[in-house]
Amino acid sequence: MLRDITLGQYYRTDSVIHRLDPRVKLATTFIFIISLFVVNNFVGYLLATLFLVMCIKLSNVPPKFIFRGMKTIFFLLLITMVFNLFLTPGRAIFTLWKISITYEGLFLAIKMAFRLILLISGSSIMTLTTTPNNLTDGLESLLKPLKIFHVPVHEISMMMSIALRFIPILLEETDKIMKAQMARCADFESGSLINRAKSLVPLLVPLFISAFRRALELAMAMEARCYRGGEGRTKMKPLIYQNRDRIAYAVVFGYFVLAIVVGRIIF
Amino acid sequence: MIRTDKLVFEYIRRDEEGNVEGITRAVDDVNLDVKPGQFIAILGHNGSGKSTLAKHFNALLYPTEGHVFVDGMDTEDDSHLWDIRQEAGMIFQNPDNQIIGQVVEEDVGFGPENMGVPTKEIWDRVEESLKAVNMLSFRKSSPNHLSGGQKQRVSIAGVIAMHPKCIIMDEPTAMLDPNGRKDVIRAARALNDVEGITVILITHYMEEVIHADKVFVMDKGHIEMQGTPREIFSQVDRLKELRLGVPQVTLLAHELKKSGLPLPDGILTREEFVEELKKLKK
Chain A
347 MLRDITLGQY YRTDSVIHRL DPRVKLATTF IFIISLFVVN NFVGYLLATL FLVMCIKLSN
407 VPPKFIFRGM KTIFFLLLIT MVFNLFLTPG RAIFTLWKIS ITYEGLFLAI KMAFRLILLI
467 SGSSIMTLTT TPNNLTDGLE SLLKPLKIFH VPVHEISMMM SIALRFIPIL LEETDKIMKA
527 QMARCADFES GSLINRAKSL VPLLVPLFIS AFRRALELAM AMEARCYRGG EGRTKMKPLI
587 YQNRDRIAYA VVFGYFVLAI VVGRIIF
Chain B
12 MIRTDKLVFE YIRRDEEGNV EGITRAVDDV NLDVKPGQFI AILGHNGSGK STLAKHFNAL
72 LYPTEGHVFV DGMDTEDDSH LWDIRQEAGM IFQNPDNQII GQVVEEDVGF GPENMGVPTK
132 EIWDRVEESL KAVNMLSFRK SSPNHLSGGQ KQRVSIAGVI AMHPKCIIMD EPTAMLDPNG
192 RKDVIRAARA LNDVEGITVI LITHYMEEVI HADKVFVMDK GHIEMQGTPR EIFSQVDRLK
252 ELRLGVPQVT LLAHELKKSG LPLPDGILTR EEFVEELKKL KK
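Residue numbers (the numbering used here), protein chains in the order written: chain A, 347 to 613; chain B, 12 to 293.
The hints are simulated quantities; they were obtained by calculation from the structure and are not laboratory data.
You can trust all of the hints, since none of them are fake.
Label-pair restraints from in silico Cβ distances:
no., chain 1, residue 1, chain 2, residue 2, range
1, B, ASP40, A, ARG358, 55 to 65 Å
2, A, ARG414, B, SER148, 32 to 42 Å
3, A, PHE534, B, PRO47, 52 to 62 Å
4, A, ASN406, B, GLU139, 31 to 41 Å
5, A, ASP360, B, ASN57, 48 to 58 Å
6, B, GLY77, A, ALA557, 34 to 44 Å
7, A, PHE558, B, ASP135, 31 to 41 Å
8, A, ASP360, B, TYR73, 47 to 57 Å
9, B, LYS46, A, LEU546, 49 to 59 Å
10, A, VAL547, B, ASP40, 44 to 54 Å
11, A, GLU563, B, ARG254, 21 to 31 Å
On a predicted model such as this, the values are computed, not experimentally measured, just so you know.
No residue lacks a Cβ here, since even glycine has one placed at the ideal position from N, Cα and C.
Sequences and hints are given; from them, build the entire structure.
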């Protein structure tokens, strides 16, 4: 059933990581990504890997879920490695016609691959352990300082959560429209790619019209329930830092300092 | 509670250059007065102006002429806008298009959040309103997994959580199956009986209005008939002229009377009908 679709890739289980404040997780992911670009040697990467493995262990998410995300970037990974391998100038190990593999190239290719793998698995840990709703809440609260520059932070996060709420409804609607058109002999499955793309046009038009109609009705319903933007609004589930969040911040800060020291200065 | 004074509303159709193409009078010279605690039903077939009228009660539309007063406040006075919307809650027809939260309890909390109610009180209100519509066990569910009737009851809870004095329901049952319809109407009646909230129910299902204190029948923007359900339903022929059906029992009694049985006018329920028939036997 379309309505059972899970958005993002949230993995439902209970763990310390799941219970952490979304702001902590967002900040951690951010710091982790920065640390990957700061460290410059294999000891540093080893440290980053250890940190990630610790997070995965704590999150109770089966590792295969994390590596599933890797499939999508496999080609990117391959291309990056190939380019780095062949196009880095330096001492040659092996030369074939005009192309040569260099020591520097080999080193860079492995480093890049490591960096990408850690980056993707680091961010998927966040999306696997945080519901989309929590994520928008966390983003709203972290981006609050941007209000000084008149960025409509609350409105953006409201739009995101409404979009999340309506995706299953619109999917169901697409399904309905498709069936209704198939009943009248529309063909979505056969033919060339171009033909199939063309057959989607009559599907998109009614879908758009109905989406706008829904938006209009929803806006009216929201106004009827006294919605008037973020001003003077209270929260039913406000984000409040717990002790575990403070500990997590401390651990992440420790990791970051260690990563800089180990990955940059000592070696 | 709600009073309209010579209310007129016109939809203005414009062509692409913004010139006026035509004017439709959706509501024409409506005067009504709803007392606190009443259960009011507004009947009318499609295009009779009943939904347009309803949107005036909650300041979603403003009168072209005349005035609407909610609890003494003029809806055209901007300084009272949010007070009016809080006091007069509104339920719409399509349950999907009025649920904002991704979890039932979050949706119920949406109204109080907008009003700036403190967090702890929001939780109390959410619990009490979900209890009032008998949906407390679904508080952690996703609205996408509920049936139409359940979704509509969540919408009602969302309005109750704002502590309104009056709830306006704009065809809340039009998209529901018979069971969902019964649940929603039962919830609405309970609110009226137990909590004393004024209910204005807009509908074209006759069965839903037999418990109302007062019924208004609209046609072409006018109020054509008003009175108790019994008074309204005793005029079967007049209702037919307005393209409205009557409850089946009422219709049966009416036809029997026409063919000679001495039955009274305006029989509304099956029980009543049975009683009357028993009297005849004696």
